[in-house]
Amino acid sequence: MARPSPSRWSRLLLLAVALGASFPGEMANHCKRAQVKSCTECIRVDRECAYCTDEMFKDRRCNTQAELLAAGCRWESLVVMESSFEITEDTQINTNLQRSQVSPQGLRVRLRPGEEQHFEMKVFEPEKSPMDLYILMDFSNSMSDDLDNLKQMGERLAQVLKTLTDDYTIGFGKFVDKVSVPQTDMRPEKLKEPWPNSDPPFSFKNVISLTNNLDEFRNKLLGERISGNLDAPEGGFDAILQVAVCTRDIGWRPDSTHVLVFSTESAFHYEADGANVLAGILSRNDEACHLDSSGTYTQYKTQDYPSVPTLVRLLGKHNIIPIFAVTNYSYSYYEKLHTYFPVSSLGVLQEDSSNIVDLLQEAFQLIRSNLDIRALESPRGLRTEVTSAMFQKTDTGSFHIKRGIPGTYQVQLRAMEAVDGTHVCQMGEEDRKGTIHLKPSFSDGLWMDAGIICDVCPCELQKEELSARCNYHGDFMCGHCVCSEGWSGKTCSCSTGSLSDIKPCLREGEDKPCSGRGECQCGHCICYGEGRYEGPFCEYDNFQCPRASGVLCNDRGRCSMGQCACEPGWTGLSCDCPLSNATCIDSSGGICNGRGYCECGRCHCNQQSLYTDTICEINYSAIRLGLCEDLRSCVQCQAWGTGEKKGRMCEECSFKVKMVDELKTEEVVEHCSFRDEEDDCTYSYTVEGDGAPGPNSTVLVHKKKDCPPRSFWWLIPLLLFLLLLLALLLLLCWKYCACCKACLALLPCCNQGHMVGFKEDHYMLRENLMASDHLDTPMLRSGNLKGRDMVRWKITNNVQRPGFASHASSTNPTELVPYGLSLRLARLCTENLLKPDTRECNQLRQEVEENLNEVYRQITDSHKLQQTKFRQQPNAGKKQDHTIVDTVLMAPRSAKQALLKLTEKHVEQGSFHELKVAPGYYTITADQDARGMVEFQEGVELVDVRVPLFIRPEDDDEKQLLVEAIDVPMGTATLGRRLVNITIIKEQASGVVSFEKAEYAVSGGDQVARIPVVRRILDNGKSQVSYRTQDNTAQGNRDYIPAEGDLLFQPGETWKELQVKLLELQEMDSLLRGRQTRRFHIQLTNPKFGARLGQPHSATVTIGDPDELDRNFTSQTLASFPHHGDLGAPQNPNAKAAGSRKIHFNWLPPPGKPAGYRVKYWIQGDPESEAHLLDSKVPSAELTNLYPYCDYEMKVCAYGPQGEGPYSSLVSCRTHQEVPSEPGRLAFNVVSSTVTQLSWAEPAETNGEITAYEVCYGLVNEDNRPIGPMKKVLVDSPKKRTLLIENLRESQPYRYTVKARNGAGWGPEREAIINLATQPKRPMSIPIIPDIPIVDAQCGEDYESFLMYSDDVLRSPAGSQRPSVSDDTEHLVNGRMDFAFPGSANSLNRMTVANAAYGTHLSPHLPHRVLSTSSTLTRDYHSLTRTENSHSATLPRDYSTLSSVSSHNPRLAAGVPNTPTRLVFSALGPTSLKVSWQEPQCEQVLQGYSVEYQLLSGGELYHLNIPNPSQTSVVVEDLLPNHSYVFRVRAQSAEGWGPEREGVITIESQVHPQSPLCPLPGSTFTLSTPSAPGPLVFTALSPDSLQLSWERPRRPDGNILGYLVTCEMAHGGEPATTFLVDGDSPESRLTVPGLSENVPYKFKVQAKTTEGYGPEREGIITIESQDGGPFPQLGSHAGLFQHSLPGEYSSITTTHTSTTEPFLLDGLSLGTQRLEAGGSLTRHVTQEFVSRTLTTSGTLSTQVDQQFFQT
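Each residue of the sequence shown is one higher than the one before, counting from 1 in my numbering.
Hints were generated in silico from the structure; no laboratory data involved. Backbone N, C-alpha and C define an ideal beta-carbon position, used for all residues, glycine too. You can take every hint at face value.
List of simulated lysine to any residue pairs, SDA-like, C-alpha gap at most 25 Å:
(1) K705 <-> A639
(2) K794 <-> P892
(3) K901 <-> N812
(4) K997 <-> G1045
(5) K1279 <-> V1235
(6) K878 <-> G757
(7) K1177 <-> N812
(8) K393 <-> D372
(9) K317 <-> G106
(10) K433 <-> M416
(11) K879 <-> H913
(12) K869 <-> L775
(13) K896 <-> L949
(14) K1056 <-> Q1095
(15) K301 <-> T247
Simulated restraints on C-beta separations:
(16) E1064 <-> L769: 43 to 51 Å
(17) K794 <-> E1517: 50 to 58 Å
(18) L769 <-> L975: 26 to 34 Å
(19) Q1007 <-> E847: 31 to 39 Å
(20) S1176 <-> E854: 36 to 44 Å
(21) K433 <-> E854: 49 to 57 Å
Please construct the entire structure, taking both the sequences and the accompanying hints into account.
Dropping the structure here:
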C-alpha cells in the first residue's frame, strides 16, 4: 500500500487523462458501481481502483486513478495498491556441469487481485546426466519365468545404460501383496511356502539398494525366488510409495535422473481396497518410510494402500519417472493409469519378459526427450501457467525438449480476483500466500514466495474517533466523516430521528420534495440513484443529457446538471465536436485543400462531387476508374442518338461532345472505347482537363465508328448438321462392321472400347486332389488398359439340382446361417498380420470386429463377428499388397439381401464406421451362393476372382457350380466371357474321418484333453482334415488353449489323437463360478486327398470334476455303444425362437424306425444334469415356459424297443426379447429450486438389452393431475441413467416418469411427484466415493477381484417387541459379526435386479470388511477381532445375519437342545454361501446338527447332516443367483431333535443378459433380506436438519403398523434418539432436526409389524459444508450438453456425463445432496478419478482430480 511519488504522477497525469479520453469508461464504471463503504473495500474491487482521501473532494471517492485526477483529487491524496517482484536467488546455468539446473532458483512476488506477473525461467538438461535405475518387480508365482529371464539380462541392461550415461546405479526390489486375508492364503503351510520352491509371502522388500557394482547386482539377483498370493490384483502401490519416500534406504542420489521400472502382469490394489478406512481396521497411508533393517515394509497390516493422486504427487516430489512394463493381460489398466503421471512410459512385456531390455531402451529415449514443469503447493488464489516458444507442448502437458541446450520458458503468475464467487481477500491467508514450487521433472526447481496484497488502507488505521469535524457524532477517516448510528450528513450534523422542515427542499411549482427523486434531510436534498440525480432539488437526471449516435455525451464527457461537461479538446451539446482542426488538414498542410471550410472537425466543401474526399481533395484515380463509364451514355446519345439516354434524357447531360476526325493520344486524362449495342460498332472518345466535366466542358468524339465485317452466322447450322451426320456414320460402322470397329478402337477418341471376361469357361476338379476350399478364377481385360473397371460377380452352388438354392433359402428364413465376408483394408499387409497370435494381428482384429459389428448391428438378429483372419490376395493388381480380412457373421437366412446392400454401400464409401477399406473389392458367401466384386486398376490386365466351392459332405458325386460376371458398375468396359462352369467330381472316398462320439468328458485336473479321431479306410491312401476349437461355456485362454490345425492320416493309419491343453482353474474362479460346467467344441472341416467327413464331425468336450463326470457321463457312455441297435442320431437339428418364451425344435428322423424322441434342453452355461426332458412322438417339439432373451442348448435322441440311440449334436437358440419391467425407484439430487438431477435404476427384468430410456416431466395441480403437455427427453445411452433438468418453475410440483426400451419396445413407466421448492438450495451432504476406479467390471474377462457385503440388523432380547441398541461389548465370532431380531422371515419373492441396483449407491460410512473361515475352500481366512474402544457394533461387509431370538423354552423335554441362538449367512460367491450358527443351550452333550434348505418359491428340499457337534458352519454351493432360499437349522442330542432356527436369504448379483442364471464375471454380489425397509435416502434441509425416506419392505413379516427410526452419533457421545412413524405407505419420510454439522450420524429403520419388529436398514450420513482442497472442482456444477433428438423428443438440458460429479459404473450420479445407503457398495467404477482424504472426525470428504478416466 503506497502513494505514488510526485515525479511519477506528474509524468503519468497526462497519460492517464489521455487514456481516459481514448477508451470507454468501463473500468471507471466498474469502480463506481461497486457498493463500497471504506477505502479498503474500494481498492480491493479491482487492480485499477484507487481512493481519494482529500477532505475537499466532492465527487465519488472510489474511482480509477485517471478519473479521480480529472475530477480534481490531489495526487498526494490518492491511495493505491502497488505490486512487487524481486528475484532472491539466481545462480547462472553452467552447461559444463552434467546435471539438471534451473535459473532463477528463488523469487518473491506480491500481486494485487486480478494482476499478472510474467517472467522467464531457464531449464538445462545435459546430454548425459547421472541416472539411478530401480527395478520393482512383481514376485507372484505367475512371474516366475519373467524372473528367470531378468537374471540373465544384467549385462545387456548395463550396456543400454552405458549408452545413456557414464554414471549410473542400479537397484532391485520385489513386491507381492499384503500378508492378510483375502489377499494372501493364511494357512500355516502356505505362509511358509505358497508355491513349490518359493519364498514366504511379503508386501515389499528392497533387495538391492542402488549400486554401481554390476557383479553384486547379478549375484544377489540370482539368489531370489518367487513368492505368491491369492487374488489377481497386486500390492504394487505400497511398494511404489516406499521406493519413493525411502530415499536413504533405496539410495537415490540428489543430482541424478531417477527412473523406476515397475514390472507386473496383474492389476493393482488402491486406496480403500485394503479395508474400509472409516471402520478403523486400516488407517490411511501416512506417506512415510517404514522399512526395517532387512529392507522389508513393516506397516502393511496397519496402513491402507495409497491412492493414485498420492503416488503422482510423491513421485513428482522426489523426481522419479515411472516406466510401467506390463503384459498384454493388464495393459488396459496401466494404459489409463500412466496418463496421470506427467512424464512416464508404458510398454508391453512378452509373457516371459524376454523383451524388457528393448522396452527399457525405448522408454529411456522417450522419457529423456520430455520435460514436465508443474506448480506444486500453490495457494488457491494464485494460478501458474508455463509456456515455451522453443519447445512444443505434448498432449500430456509436458514439453518435447532437446537436451544439451538451456531451454527458455515463459511463466505467467496470476492473482485471482475471486474463487468460487468469494473475493480472494475474504479467503484465508493460506489461500492467498504461500511458497509455490515450480518444479521441472529432473531438478529441484524454482521456489516462489508469492502472495496477494490485501492490506488495509493506512488512513483507516489513523481515524479520529468522535471528531470535532464530525460534530462529535462520527469518526473522521480517510478524508470524510463516518457518522455514528442515528446521524447523517457530510459533517454528521443531521439527526435521522427528527423530522426536518421540507420547505427548503421544495422547488417552485412542485409539490414533491426533492422533485420526488430524493430524500429531504436537514433541509438538504439527498438524491437517490447513486449519482444519477443531482442539483439542489435533484432536478437534473444525468442519464438525459444529449447523445451522439446513441452514446451519452459521445463518451467524451460526463453529464452534470443536465448538460454535457465535455472533456478537454471537445465541445458541442453532446461533446461530438473536436476543437482541433487536425482532422481537416490536407496533404499539403492546408485546410480542406482550399475548396471548403472546417467546422466541428469536418470539411464542408464548396462544390460536392463524387470525386472529392473528406478533405475536399479531388481523387483523380477514382475519376479515371469510373470516368469512361460515367460519360458513356451521354456521349452515345449526343453523338449517335443511341443508348439508354437517347431522347429527352440526353438534355440532362452536363457537358457537350465535339466530333473530330482524329483523337489526341497525348495530354488527355482518359481514352475510352465502347461497343454500341444497336449496330455492334465500336466508338471512341477522350476526356481532357482535370477529368471533372462541368457545364462548359467538351468531350472529343471520333466521327467514324469501327464496325466488324459482314456476318457469316448462316454457316453455323450447316456445320452442326455435318458433325451429327459424321457421328451417326461412325456409330453404324462400330455396330455392324467388325473391321471398322477394330480400327475405331485404335483412335484416341474411341480408346475406351475394351472388354473384361473370364479366361476360361469351364473347370473340372477332383475333390480328392483339392488342397483348398476355394478356386482362384482368373479374369482378363483386353483392349485399352487405361482407367479403372470394377466387375461384380456371383456364384451359385448345385446348379445340377434346379431350384435347390431357392428351396434351401425358403425352408426357414429366420434360421441363423454363417455368412463369409471378405474386405480389402486400406493398409498394407505385414508378416505379423499373417500370424494370428501376434499383438499387431490381435489389435487389428479387435479394430476390425468393433467397427464391423457397429455397422452390421443394423441387421436384425445378427451376432458378433468371429473367426477373423488376414491374408494377401495374389494377382489382384497394384493393390495385391493390401490386407484382405476374412471373417464370419451369423445372421438370419432372410438377411442376405440387406447384408449385400449394406456391404456394397460401405465399400463404395470406403469405410465401415471408422475402419478404412479400399473400394472395389468384397465377397459375401452364404450357404449356397456368393457375391462379390473385383477391381482392375489402371494398367492391370489380369485379376483373380476367389470363388468359394461350398464343399459339403452331402454333395452329389458330380456337383456343378456356375460363376457369372454380372455387370461393370464403374468403368467403360463391356463384358466378354460372362460364365464359368465348375464341375467337382467326388470320387470314391479314400477314407471317412470322424470323431468316435459326439461328447467327451475330461477332468479339470488333467493338463491335456486327448480326443481320438478315427478314419474308416475305403481305399488305402493318405487323408487330411482340418480341426478348430470353439468356445461354449469354457473360454479360450482361461479354461483351455485354443487350437486349430490339420490332421494327416498316412496310408494305413486309422487313428489320430487330437490334443488340447487345459488350464488350471484359478482359486478365484473356483470361488466365484462354483461348479459351473465348462464346455468347448471341436469341429472337423476341409477334408483333402479324397477324405470325407463322417458323423459325428463335431464333438463337445466337457471339463469337470472327476466324480461328477463319472456320474453324469456313465449313462451317456453306455448309450453310445451298439446296444441301441440300428437307431442313429437324429440329423440336421434346428431350433427357432417362436416368441419370448417359446422355441420350436425340429430334426430329421434317423435311419430305422424310432418309437419316439427324447429332447434335452437347458440354459446355456448350466450343467447338463439340470436339463429338462421332453418326450415327442414326431420329429419336432415345442419348448415353452422359457426365460425371455435367454440362450438355450438342446439335443435329441431317438428311442425304440432296443433302447435309446445316440444324441444329436448340440443346437443353441435364443428366445426373443420381451418389453422390460418398470425402472427402479427414482432418486432426485436437488441442485436448486429450479434445477434437479434425476437418477433411476435399471428395470428388475430387462428381458433383453436396454437400448434407451424416456424421461417425461410436466406440471401437475394440487390433485396431481397434469397441467399442459409433458416434455419428453430421450436418453439414448442406457448405461448412464441420470438426467439434469433445468429451468423448472419455482414452487410448482412436477410429475416425472421414466420407462425403458429394449428390442421388443417400451416397458411400463415408473412415476414420482416432487416439488423442488421444499428442498435446500445449497449442497451439504458429501458422499463417499472409492478412490480410483481401475477395474472394469464390464470387460467380461476373468474376475479381477471380489467384494462381499452384508446388512446390519440389531439384536433384541428374547420376547421383546421393541429392539434394543447394541452395546459396546458385542464381539466378533470367528471373524464375523452376527445379530438377531424377533420373529423369523417366512416369505420372500425373487430378489430382482432393481433392488440390487439400489444397493450400488455409495454409503458414506462403510462397515468393516473381513472374510470368514471355510473348510471347503482351498484358502483359510484368519479371524479378526474388534478393538475394545469401538463405539458401536458394526457388521463386517461380507455378512448378513438373520435370526429370531427366543428364550429357553421350559416346555421342551429335559435334554432336548434349544433353538440355535444365531443364524449367520456369509456370501462366498454369487452361487455359494456359508451358513453358521451358535451352539444352542442343552443339558446334554450335542450329537450333531441338521441343515435343510430349499427355494422360497418351492422345489426340491436339500438336507445336510452334520454328525460333528463342534462344526457350527457349512458351505452350500450351486445356489441360483437372485433367488431366495429358506434355511432351517436344528440340533440333536440323545433325547432327540430340538426346535429349528429359520432364516431367509438372497444372494444378489448381476447376471448375463442372455442367461439369467449365469452370474456376470467381475460383478459384485451381496446378501439381502426381503423384510427390511428399502434403501435409505438422505436429503439435507439445513446445516442441522435432514429428511430421511425409505421404501416399505418387499415382503414384510406380517402387516406393517409403522416404523421405528433410531438416530445416534456414529462414534457415540450422546444417547440414541428414537422416532415412531405410523402408517404403511409405499414410501415413508421423516424430518430429523437438531443435528450438528460435521458429525457422522447412524440411522436405523425397521418395520413394526403384527409379528414384532423386522430387520433393520442402516445408513450413516454426515452433514458437512463443501470445503476447498487440492481438487476443489467437486463443489462446482456440471456443464450441460445439448443433444439433437428426433421426432417428439426435445433437446432440453440433458446431460449424460458430468465433469464435476463422479458417476458410478451403472450410471447413477452421486450428487452432493442425495445419498442412498443400501447396504452395498460398487467399487468397480470406470468413469471418475477421485482422491479421498480422512478427516479427524472419521468422515470422508471427496475431492475430484483435474481429470477423469475417459471410457
